[in-house]
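**Q** As a plain string of letters, each chain reads:
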Amino acid sequence: MAASEVINTGSQVWKKLKKMGVNWTTVRRIMSVVLFLLAWTILVQFTGHFHQIPKPMDVFAALFQLKPGVIFVEILRSLLRVLGGFFIGLAIGFPLGVAIGYSRIANYLFFPAVEVVRPIPPIAWIPLTVLFFINVESQIVFLTFYGAFFPIVYNTMGGISEVDIRLPRAAMSFGINRMGMLWKIILPAAMPQIFTGMKVAIGITWLMVVAAEMIASKGGLGYWVWYHHTVMEYPMVILGMGIIGLCGALCSLAIDAIGNHFMKWRNIF
Amino acid sequence: MTDVNHKGKVVFEDVTRALQSKKSETIILHHCSFVVASGTLTVLIGPSGCGKTTIINLIAGYEKPDRGRVLIDGKHITGPDWERLVLFQETALFPWLTCYDNVMFGPLATKAMSRQEAHEQSVALLEKVGLRDFMDKYPIQLSGGMQRRAELARALINRPTVMLMDEPFRGLDAMTRELMQEYYLRLVEESHGTHLFVTSEVEEAIFLADKLIIMTNKPSRVKKVLDIDLPRPRVADVLRSKRYLELKTAALDILHEEAMKASKESGKADIDMVSCRRA
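Residue numbers (numbering that gives the first Met the number 0), protein chains in the order written: chain S, 0 to 268; chain E, 0 to 278.
Since the hints were derived computationally from the structure, they do not count as laboratory data.
Just to be clear, a hint being listed does not mean it is correct.
[Unchecked claim] For lysine to aspartate or glutamate, the following EDC-like pairs were computed, each having C-alpha atoms within a straight-line distance of at most 20 Å:
1) E:136 to E:126
2) S:183 to E:100
3) S:263 to E:100
4) S:183 to E:126
For clarity, every value in this text was computed on a predicted model and none was experimentally measured.
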């Protein structure tokens with residue numbers, strides 16, 4: 000009697016959860032995170048080697064010691080640097096990518112230079128930026144810009160050169176002029192890959208901003224993490240890492256949302 | 000159907016076209032000559048890979064002949080133009096435009112008619128191909144057959160002098176294909192334009208054609224031209240007539256002969272290539 004009641008209430012709870020939009024897929028997703036945290040805890044608790052690393056509970060506890068005013072200022076600082084670099088990268092990289100992809104002359108003129116510089120990892124530029132700019136803020140924004148620049152150029156260029164030849168051919172037959180071809184055919188057709196480039200770019204800008212801030216000591220999330228490392232507050236370090244990850248993910252989602260808005264034709268069924 | 004006043008007479012005069020690769024040269028068309036009379040529906044049929052798409056590209060102006068001339072109404076073809084429109088093998092609808100905007104694309108690009116007139120024509124044409132209720136759908140939301148019909152409407156709204164159909168119904172299932180052929184015939188019989196239709200299906204070829212051009216294997220020339228004297232307007236009943244069967248047998252015999260030749264020669268293809276180049 001009692002047992003059946005338990006099962007009954009259990010299934011009722013499940014029904015309620017289902018109404019709230021919970022299904023097996025979400026349960027499995029939550030399980031994945033839970034298992035990760037569990038593995039982390041076990042690894043730290045039962046192996047001598049990692050015993051200095053904070054446990055998930057310590058990090059969770061650190062969350063309540065955060066001063067909202069302080070952390071939001073740091074987030075905003077990093078975010079402004081990221082967006083600054085990203086938009087400068089877009090403003091220069093996008094037209095350059097279009098030119099290289101669309102015009103043969105521009106391709107010959109710029110592409111070899113791009114190919115020579117591109118394999119250098121952006122972080123390797125850090126020492127040289129000191130020579131470019133005296134202002135530390137400019138140095139950091141330059142580095143984030145640099146991180147965003149190549150993915151944008153490359154994907155814009157690639158998207159344009161990989162447009163299905165039948166589309167411009169059809170448009171040519173319909174009597175479109177060269178400008179119309181670019182704006183009405185080539186760019187819309189290349190748009191999915193252009194957005195892929197922007198998504199890669201914003202990821203790299205976060206990478207660059209953290210690296211630059213750790214060195215520059217001018218605030219921001221990277222500096223915040225580094226500072227807590229120097230005072231050995233490791234729960235805060237991990238918390239900062241989590242916040243950086245979250246910010247990166249949100250930026251990436253924002254680009255997806257903008258992309259979906261402009262490319263309704265791709266995911267309508 | 001033939002009317003002396005109509006434009007759109009296409010003449011292939013001794014055309015040779017070869018594809019160059021680093022090592023060798025493949026001759027696609029070899030001294031190929033034929034005429035597409037204005038106001039007729041001419042069907043071009045031949046073994047696969049015999050250069051049918053090359054012929055379409057030459058008339059559309061996407062490619063140029065290596066030797067010989069391609070003329071439309073006595074003028075050289077110098078490049079793409081909306082008097083010669085192509086319906087491709089796979090859909091070439093612009094995926095970011097709705098069905099309606101795709102049809103409106105041509106008139107708005109050429110400004111050949113006012114927006115209001117273009118709008119009326121688009122709606123009328125979409126109605127005719129049975130897509131009135133799907134005007135605001137994106138290509139991805141349409142079935143294969145619907146995409147083909149939308150494309151037909153997008154081309155026909157420009158009133159091209161010559162309509163080039165490059166195996167447009169390939170890959171559609173049998174039922175849809177039949178339906179498409181009927182839609183297409185109705186539009187052709189109303190519009191009286193010049194149509195060149197490329198296919199590798201004998202039934203389709205004879206059902207649609209005024210004139211049937213049968214090509215040889217690569218390097219291709221015209222093997223034979225058959226007049227298809229079946230009555231118009233053509234309906235599916237014609238497929239059961241005695242004349243249809245006679246024509247089909249005649250066409251199949253010729254194609255069979257070519258296929259036999261191809262399989263015999265395939266063993267010494269390399270030698271063939273050399274002799275072609277010398278010729």
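**Q** Just pull the numbers of the violated hints for me, sorted ascending.
**A** 4
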